[in-house]
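Peer 1: Sequence order for the protein chains is A, Y and V.
Under the UniProt record's numbering, think of the first position of the first sequence as 1, with each following residue one higher.
Under the UniProt record's numbering, think of the first position of the second sequence as 1, with each following residue one higher.
Under the UniProt record's numbering, think of the first position of the third sequence as 1, with each following residue one higher.
A few of these clues could be false.
To be verified - Here are some, though not all, of the chain V residues that point toward chain Y, as calculated from beta-carbon distances under 8 Å:
#, residue
1, ILE90
2, LEU111
3, ILE112
4, GLU114
5, LEU119
6, MET242
7, PHE272
8, LEU276
Derived from the structure by calculation, the hints contain no laboratory data.
All residues carry an ideal CB built from backbone N, CA and C; glycine is no exception.
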Amino acid sequence: MFQDRLLKKGLLASVMASAFVVSAFSSSAVAEDKKEVKLGVVTFLSGGAAGPFGIPARNAAELLIDAINKGQLPGAYSSVGLAGAQIAPIFVDENSKQKVADYKKLVQKDEVDAVIGYISSGSCKAIAPVAEEEKKLTVFFDCGTSQVFEDIITSPKYVFRTSAHATMDNVAAARYVVDTVKDVSTYSGINQNYAFGQDSWRDFSGSMKVLKESAKSVSEQFPKVFAGQYGAEISALLTKKPDIVHSSFWGGDMEALVIQGGGRQLFSRSKVVLTGGETGIERLGSQIPDGTIIGARGPNGPLAEDSALNDWFVKAYVDRFKSLPTYPSYHMAQAILGVKSAADKANSTDQAATIEAFKGLEFEVPSGKISMNLAGGHQATQGTAFGTYKFDKASGKGTLVNIKRYNAACVNPPEGMKSLEWIESGFKGAVCK
Amino acid sequence: MMNLDRTEKLLLAGIPILILLGFVLPEWVVNYIQVSLGTGLVALAVMIQMRAGLVSFGQGLYFCIGGYAAGMAGKFMGVSDIFILLIIGMLVSLFMAFIAGFLLRRYREIFFAMLSLALSMILYGLLSKLEVLGSTDGFNIPSPTYLGWAPEGDTAKHALYIATCIPALLCAALLNRYLRSPMGFIGEALRENEIRLEYLGTSAHRAVHIKYMIAATVSGLGGVLWALALGHVDPEMTNWTTSGQFVFISILSGVGNIVAPLFGTFILEIVRVYAVEASPNTWQMILGVIMLLTIIFLPKGLWSLIQRKKASAEETTQK
Amino acid sequence: MLTAVAILIDGLGFAAWLFLSSVGLTLIYGVMRILNIAHGGFYALGAYSSAWAIGLYMQTGSSVAFTYLLIPLMAIVVGLVAGLIIERGILRFMYGRDEVLMVLVTYAIFLILEDATKLIWGTESLVAYQPAYYLGNIEIFGIPYTVYKFALIGLAVLCGAVLWWGLNRTTTGKLLLVVIEDREVSSALGINVTLFFSATFVIGTTLGALGGAVTAPQISVVPGIGAEVIVMAFAVIVIGGMGSIGGAIIGAIFVGFARAVSVHLYPPAELFSIYLVMAAVLAIKPYGLFSLAQGRKI
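Bound conformation, chain A alone (with noise of 0.2 Å):
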């Protein structure tokens, strides 16, 4: 009776397995010569980073595949799809638990041809290993942990990184304060608690003991992530009365803490950084008060030069999305051209061929030029650019002046060096322009 029973029930299980095997198997009869490529996009679509970071990313993504399909770049990318084949994307949610096991689903069951993503550094880390694993051509587009190739993956093969790991954004706002502002006693700093933003006021401020070494740190507040109110901190910010004050805030955290310190004078009382800043130019207006310092986690929205690609790529953006493009739009812009510089190049979807032709690659983006040129060749290098926020009444739009641009080789560690020991070491071997 019993074994009947248990008979059944493996009956059971082994037509639920026979069915997945089915819904499994039944993509992978894809022709020959590929004609598409898939391509797995994985972002925050939901969850607090989704509105600042994951929507403006996949909007960008949208964007680019739908004219890259259509060959509608201008320049040297007009040429029709990756390397003639037509991209299909494959959106992801990054806000998940089990994101080990959803890349794994990506690759073996939906079988894409390559995995652009990832935004938070927790993410970047732990997939990393597992795309080395899987042999599986991988693309971080926006994550800031320098560890991706320092600690985790030192020789990598599959894994690429597009953008500039989140040092840099420190380094140079240390060096635009030291350039720009004169008499810097004190600095102090207000960063969420957690590993970017720990980091982010570890770069700054030790970049800060390097530069200004008189100057002294008086208040490290450290509010939760998506903590929204910060009555608390601004008051503590304005008792203490520093020259500087650093925030890596970014998204609706940033444009909270603007709007709470502006209407408190923090922004009069001290020159405040918010090296995240630019995502809320448009929204803010005329309530981020003049005389800030902004940068854009690269020389990307405002900051970026003129060229063709970036005016055609903010009109598409603005005719598409009603808004303007902000950072994380440009970082997943440079991953998607990245990979269609890399194919385009090698003439070839073949993932062999096409991570040859990306090693060491250099490629025009929105922003400017990306050289990858750190770690074997798989992360970018870029210079990048701060500015100071000046608003103009007529026009009604704010607009960054002053602004001054860093070589990549002046705020990026040299090859084979980590982050933290070059800033401790005074910068050592830095060539600024």
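With the hints as your guide, set chains Y and V onto chain A.
Peer 2: Below, chains Y and V without anything else, positioned relative to chain A:
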């Protein structure tokens, strides 16, 4: 042999079946089975506490302690043997639960839930500040070895899968035995009427304490298995959202049978995967609707579907 | 001295926000025994609808003063519409079920609300700072504070007073207390329990939405703000004692000051100060500060 009940037979028979499935099913499904076994064990731990009327909204605490203990043993002491890692994860969880139990055993209902949540969030806050441990990004764990054997490639995947299936199902079988033991039945009595329990000469506090420690050990085991499957740990493991999910899984699956949470975790995972595939932007809504429908039509959880069938089958045989 | 005053004001300001965001939760739990996770969803709905309405209104170029009417109005609209739909459409079929199961039900509703707000308002942030700026600043020991913050403290006091008066000094309130005391007996006495449940849920929802609506001008309204509020509100009402209005006040003050003290004196502790307070309070008073002694069932 020992008198095994039906659930235990099913679980023990399930070990070779699951292992076999590991070779037959596509790898991505096996992956979800593997991570579901890890998280399923924690849901199981939540479920055995729920049977005693204790709802832990902080079971992620031990899930995380297990994962981190194993991860740190690997990172700082160079331990990679899976058996040692499993034992370390379970022992550390057990020890922490032994201490925290003195505080928690005095609480019931929502207060037990919120205090367990508070403890887990304190750990979350601490881990989020520890840069040595990668702060909120966590850190990676190397592949385990098996008594000196260090497989690579596909062999490593299968080995780890097998090494996940066996302890997970064995643990479930042991828990089933525990629930049928006098100690286990005290749990039910606890939920029904604590004062009568005390009149019968049993200490309710002690019973809760023991139950809490057992649940923690099982969660620690789940944490190690999950962390090894993922190759990565981060403080998100002890965030309240993670703990919340364990509670929801155990309610959705039903507290009637020990197999239910293991099975329910996998089903929910697959439902989520397909919801994301069908609608990447509004998958939460789909999940919410499915949950609501389950509660409305299957108030005793998914497992009641199987039970109902069984009951009707037995009825017909009786006739 | 400066720091002490700053702690006092910041603590009160944060406590006011906590009270406004959690009082609806404790009311619903007190009357209906539902630990309502969807409360976070109502908070988000309130914040979105008020930010959206303020944005639309400001485009007309009229005086900011009227936005102060708009904010509570949107909260009431959200409370009535969402509260009634959810109570009549879903919850009433579940009354009498296990408390834990009800948590799951409200969690499912929360998930649905999260995506619904995304579908209605998109994922871009909404900012509606005008009401927060319009009232200007006052300086205390050289530190500027927005008057809006003090207005919120006033509003919190007002809400607390009205709720207390409504519960303890009106016939309806007293009947409600009877319902809380014993649902079955009050039903047998001819009290329309169903009506009380609907009304309580709508009021609780409105209070949750009001919490979001008054916060909207100070923040950037983004997807996910609801989830942040829930745990905070839970902590507040557990510290104070579940289901007690007075408890919510005390809980809010405890948590508000714990946070202000840690921010000013030891910032790294901010992340878990709330949970430390909760653990400490529960360790001393296992049922929260304001709980009534419960009869033991034998």
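Peer 1: Of all the hints given earlier, name the ones this structure violates by number, lowest first.
Peer 2: Nothing - there is no hint that the structure violates, so all of them hold.
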